[in-house]
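Engineer: So the chains spell out like this:
Number of protein chains: 2
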Amino acid sequence: MAKKLTKQSENYSKWYNELVISADLAENSAVRGSMVIKPYGFSIWDNMKIELDRMFKATGHVNAYFPLFIPKSFFSKEASHVDGFAKECAVVTHYRLKNDPNGKGVIVDETAKLEEELIVRPTSETIIWSTYKNWIQSYRDLPLLINQWANVVRWEMRTRLFLRTAEFLWQEGHTAHATKNEALEETIQMLNIYQKFAQDFLAIPVLTGVKTESERFAGADDTYCIEALMQDGKALQAGTSHFLGQNFAKAFDVQFQSKEGKREYVWASSWGVSTRLVGALIMAHSDDKGLVLPPKLAPDQVVIVPIYRKEEQLNQISEKVATIIKELQAKGIRVKYDNSDHQKPGWKFAEYELKGVPIRLAIGPRDLENNTIELARRDTFEKKTYPQENLATEIENLLEEIQQNIYDKALKFREDNTHYIDDYQKFKKIIETTGGFIYAHWDGTAETEEKIKSETKATIRFIPMEDGEQGKCIYSGKPSAKRVCFAKSY
Amino acid sequence: MAKKLTKQSENYSKWYNELVISADLAENSAVRGSMVIKPYGFSIWDNMKIELDRMFKATGHVNAYFPLFIPKSFFSKEASHVDGFAKECAVVTHYRLKNDPNGKGVIVDETAKLEEELIVRPTSETIIWSTYKNWIQSYRDLPLLINQWANVVRWEMRTRLFLRTAEFLWQEGHTAHATKNEALEETIQMLNIYQKFAQDFLAIPVLTGVKTESERFAGADDTYCIEALMQDGKALQAGTSHFLGQNFAKAFDVQFQSKEGKREYVWASSWGVSTRLVGALIMAHSDDKGLVLPPKLAPDQVVIVPIYRKEEQLNQISEKVATIIKELQAKGIRVKYDNSDHQKPGWKFAEYELKGVPIRLAIGPRDLENNTIELARRDTFEKKTYPQENLATEIENLLEEIQQNIYDKALKFREDNTHYIDDYQKFKKIIETTGGFIYAHWDGTAETEEKIKSETKATIRFIPMEDGEQGKCIYSGKPSAKRVCFAKSY
Numbered sequence: 000m001a002k003k004l005t006k007q008s009e010n011y012s013k014w015y016n017e018l019v020i021s022a023d024l025a026e027n028s029a030v031r032g033s034m035v036i037k038p039y040g041f042s043i044w045d046n047m048k049i050e051l052d053r054m055f056k057a058t059g060h061v062n063a064y065f066p067l068f069i070p071k072s073f074f075s076k077e078a079s080h081v082d083g084f085a086k087e088c089a090v091v092t093h094y095r096l097k098n099d100p101n102g103k104g105v106i107v108d109e110t111a112k113l114e115e116e117l118i119v120r121p122t123s124e125t126i127i128w129s130t131y132k133n134w135i136q137s138y139r140d141l142p143l144l145i146n147q148w149a150n151v152v153r154w155e156m157r158t159r160l161f162l163r164t165a166e167f168l169w170q171e172g173h174t175a176h177a178t179k180n181e182a183l184e185e186t187i188q189m190l191n192i193y194q195k196f197a198q199d200f201l202a203i204p205v206l207t208g209v210k211t212e213s214e215r216f217a218g219a220d221d222t223y224c225i226e227a228l229m230q231d232g233k234a235l236q237a238g239t240s241h242f243l244g245q246n247f248a249k250a251f252d253v254q255f256q257s258k259e260g261k262r263e264y265v266w267a268s269s270w271g272v273s274t275r276l277v278g279a280l281i282m283a284h285s286d287d288k289g290l291v292l293p294p295k296l297a298p299d300q301v302v303i304v305p306i307y308r309k310e311e312q313l314n315q316i317s318e319k320v321a322t323i324i325k326e327l328q329a330k331g332i333r334v335k336y337d338n339s340d341h342q343k344p345g346w347k348f349a350e351y352e353l354k355g356v357p358i359r360l361a362i363g364p365r366d367l368e369n370n371t372i373e374l375a376r377r378d379t380f381e382k383k384t385y386p387q388e389n390l391a392t393e394i395e396n397l398l399e400e401i402q403q404n405i406y407d408k409a410l411k412f413r414e415d416n417t418h419y420i421d422d423y424q425k426f427k428k429i430i431e432t433t434g435g436f437i438y439a440h441w442d443g444t445a446e447t448e449e450k451i452k453s454e455t456k457a458t459i460r461f462i463p464m465e466d467g468e469q470g471k472c473i474y475s476g477k478p479s480a481k482r483v484c485f486a487k488s489y
Numbered sequence: 000m001a002k003k004l005t006k007q008s009e010n011y012s013k014w015y016n017e018l019v020i021s022a023d024l025a026e027n028s029a030v031r032g033s034m035v036i037k038p039y040g041f042s043i044w045d046n047m048k049i050e051l052d053r054m055f056k057a058t059g060h061v062n063a064y065f066p067l068f069i070p071k072s073f074f075s076k077e078a079s080h081v082d083g084f085a086k087e088c089a090v091v092t093h094y095r096l097k098n099d100p101n102g103k104g105v106i107v108d109e110t111a112k113l114e115e116e117l118i119v120r121p122t123s124e125t126i127i128w129s130t131y132k133n134w135i136q137s138y139r140d141l142p143l144l145i146n147q148w149a150n151v152v153r154w155e156m157r158t159r160l161f162l163r164t165a166e167f168l169w170q171e172g173h174t175a176h177a178t179k180n181e182a183l184e185e186t187i188q189m190l191n192i193y194q195k196f197a198q199d200f201l202a203i204p205v206l207t208g209v210k211t212e213s214e215r216f217a218g219a220d221d222t223y224c225i226e227a228l229m230q231d232g233k234a235l236q237a238g239t240s241h242f243l244g245q246n247f248a249k250a251f252d253v254q255f256q257s258k259e260g261k262r263e264y265v266w267a268s269s270w271g272v273s274t275r276l277v278g279a280l281i282m283a284h285s286d287d288k289g290l291v292l293p294p295k296l297a298p299d300q301v302v303i304v305p306i307y308r309k310e311e312q313l314n315q316i317s318e319k320v321a322t323i324i325k326e327l328q329a330k331g332i333r334v335k336y337d338n339s340d341h342q343k344p345g346w347k348f349a350e351y352e353l354k355g356v357p358i359r360l361a362i363g364p365r366d367l368e369n370n371t372i373e374l375a376r377r378d379t380f381e382k383k384t385y386p387q388e389n390l391a392t393e394i395e396n397l398l399e400e401i402q403q404n405i406y407d408k409a410l411k412f413r414e415d416n417t418h419y420i421d422d423y424q425k426f427k428k429i430i431e432t433t434g435g436f437i438y439a440h441w442d443g444t445a446e447t448e449e450k451i452k453s454e455t456k457a458t459i460r461f462i463p464m465e466d467g468e469q470g471k472c473i474y475s476g477k478p479s480a481k482r483v484c485f486a487k488s489y
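Protein sequences, first through last, are from chains D and F. Heads up: the first sequence at position 302 corresponds to 301 in numbering that gives the first Met the number 0, and the numbers run straight through without jumps. Heads up: the second sequence at position 391 corresponds to 390 in numbering that gives the first Met the number 0, and the numbers run straight through without jumps.
Treat the hints with care, since some could be wrong.
Remember, identical chains collapse to one label, so a pair may be satisfied in a single copy or spanning two.
Below, in silico cross-link-like pairs of lysine to aspartate or glutamate (DMTMM-like), each with a Cα-Cα straight-line distance of 25 Å or less [unchecked claim]: (1) Lys86 <-> Glu115; (2) Lys132 <-> Glu26; (3) Lys335 <-> Asp199; (4) Lys56 <-> Asp340; (5) Lys233 <-> Glu449; (6) Lys382 <-> Glu395; (7) Lys330 <-> Asp140; (8) Lys48 <-> Glu263.
Source of the hints: derived by calculation from the structure; they are not laboratory data.
Can you make the complete structure from the sequences, with help from the hints?
Structural biologist: Here's what the structure looks like:
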């Protein structure tokens, strides 16, 4: 850790960018908008993948893999889909390079032009539904419950590491069903899985609801989302689950023979979360000292730093540490021993605070004498000396406590920053100052939604799924069926 | 299983294509040369990934992720690299589509032309070494032991499912070292890991050696490979490990300060295996009835089929099966119970033979009375009735036996089809008829290599790493330092 981070309170955005770089999570690449995910950042994503994949499989889903490239014509088949994605896609037009006759490296070989251009997938509904057409004949072929882990490309103009990049990693589930109800149930089931994952693993409380038409996925009948609140008062959409109706089945003519012998169009859902979750994780919990990682996703849950002057002391400490490591690993705890000799303990302490390791153990000659060890919590900075006896059990419990504490803190922050507002001036003031979620009445028109957005930069994050009290639109005064949730967002 | 497969002996290539499709492993997509990996095929690849990833991590490697796109100019930096890859790459030239003014779908927006074209990665040495330049300053930053799981694209003209596709999935390791020796050791270590993986998991014995210059990876000083023999007598290169020398370090100016304070170029290795391994797995073991999967990689290791006439019998059987499943799962055995009611047992037996499930259990009313179960092995077609008692232990042992038997069979096949030949007419005859590996003397010239290839289609698969007896080139009669291994190949 070469230098201190900018403080959150000074410049939140700068703090975030510096943290991602200095904690070795990711960096910008030589390719505009594409990031390099470094080993430490990738390990967090990998831990997320393992848990999500387990949850998908436990609910009957299987993985498959569909092509990276999509023929251009596929995009035109679903009218709203092409409008949503055509503006931001990478287009492959040629399949060969050749030596520049002027000797300046390589150039595109114009004789190797594709008859039909290929689009690098921004999302895979079209290629998948063109495939499902051949897989689905009868109700016996349904449901299809398929997920893929893949990279996708959306040509974003303003990119930020993890939050918005031209290429990102994600999973996309694509399911096919015989009935509308079943497809709807699947859509909601996956939304609930995302919510549970966010709460139990990311330690982020999320709200769920349905998007307004203007924020809906291009090609969906309804888009459901999980929304999290970041520490700067801005919301972050952390995952979406789409009810696609029969839109893609109709676009690609996917029909099946029902039990009753009728030909019907198939019903669909799709749902995804991405490496954006790493950004959410950082912004929900971390502080001016660096990352605060929930133990369940931390690459290293415990780091051990030896305190010594002489080589001989290090040897004695290392011997003791070997036993401790064995005990921790026996409980499935991920532990790292940093006995590198070119950095002082103080430097290492700061480094692992920056990296967000939940528990730091320090052990020196006096600890050896007393059979003790010093333990520091990353989430509270609390330091305490523990006996070495039963240390593994102690740490196991503590990791759970830390996971819970991080969640509770994030929940309290959200509760403190959730407002029920009926006055537009107050609404604007909150949005301009502290931010947070604002539940307010809305008349249900795209016009009002747009006006509030252009005046305040706040958008409707979601419409709650539950019934609510009636009221008057905060902007137009017209009748409103229930409050909706506004916030500025990433 | 609608129809019988073409027999291997009639048309091996047709047999392979039919098997991949009818066993639900993969299919061709709407995009030329790109396949869809179906859930059953993907599950095999996923099982491979889990084991390989474990082996990589056990030897100190970590995962990361680098961009899909590579700026065109990067390719020109390593001279032989560009020659090897420029001819078969997908080129992104634009970043937007727009509505066709004539109303015919969407067209490329010519105003959204990239200043520099982007290449969809065929392999990632260039983008990774351009990144390593910023990561490596001192010997303390070395070694870097990084792997990535990714998709890559090579614009192949003749494609075959799994064996050669325009897009494929793989892992590519890219390591950086302070010394030549260390980089060489890493190259060989990874070759040995591939060999061990092939033998222990794929149940395929593989030979290892070094490629001739003409078969070397574009940019490598040396390419090491594992080579497997398929049942039609053709060899398949199943993995490669490249010693890259300082070529990419020089191309991207990656230098480090040594312990002695000198500036030196970094040494490198790269190594990869791909979804091609699924093709190898199929061709090494399967038969006219379908897949034969080694238990360690089979998505389902055991399938249970109930034999019944009345609903009541099915209920009784299912109750018993629930206990058996619990016992098997307690041992970590992957088991499937097929109680679907729209197919007869005979159909199911054929289906799971086609799918290569290592062990099939059948249980009927008489088995309930006698506390027995019928067990059929996929590898030998042996059928035997077992007591239900201790069944799980029995099956656990049997799965190991099957894994070993499949390996032994493949090893015997290779031994039976390995020849030491000194006569060119005999050489030609073997290549034309049974195929197999032929160890023969070669004068070491590219000219002879090329002539043998054009006359027989056989290539030098590898030069053995061990010393060998001297002799005379089978083609030119000139002196040869040792025998090299020839075969026709995929």
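Engineer: With reference to the structure, classify each hint as holding or not holding.
Structural biologist: Going through the hints against the structure:
Taking the closest pair of Cα atoms, lysine 86 and glutamate 115 come within 25 Å of each other both inside a single copy (18 Å) and across two copies (19 Å). In this assembly of identical chains, lysine 132 and glutamate 26 lie within 25 Å of each other by CA distance solely across copies; the values are 13 Å between and 41 Å within a copy. For the homomeric pair lysine 335 and aspartate 199, the shortest alpha-carbon distance inside one copy (24 Å) is at most 25 Å, but the shortest distance between copies (30 Å) is not. For a Cα distance limit of 25 Å, the shortest separation of lysine 56 from aspartate 340 across copies, 24 Å, qualifies, whereas the shortest one inside one copy, 45 Å, does not.
In the homo-oligomer, the alpha carbons of lysine 233 and glutamate 449 lie at most 25 Å apart inside one protomer (18 Å), although the nearest pairing across protomers, at 65 Å, exceeds that limit. Within a single copy, lysine 382 and glutamate 395 get their C-alpha atoms as close as 17 Å, which meets the 25 Å cut-off; across copies the closest is 49 Å, which misses it. Neither within a single protomer nor between protomers do lysine 330 and aspartate 140 lie at most 25 Å apart by alpha-carbon distance, with minima of 43 Å and 32 Å respectively. Within a single copy, lysine 48 and glutamate 263 get their C-alpha atoms no closer than 35 Å, and across copies no closer than 39 Å, so neither meets the 25 Å cut-off.
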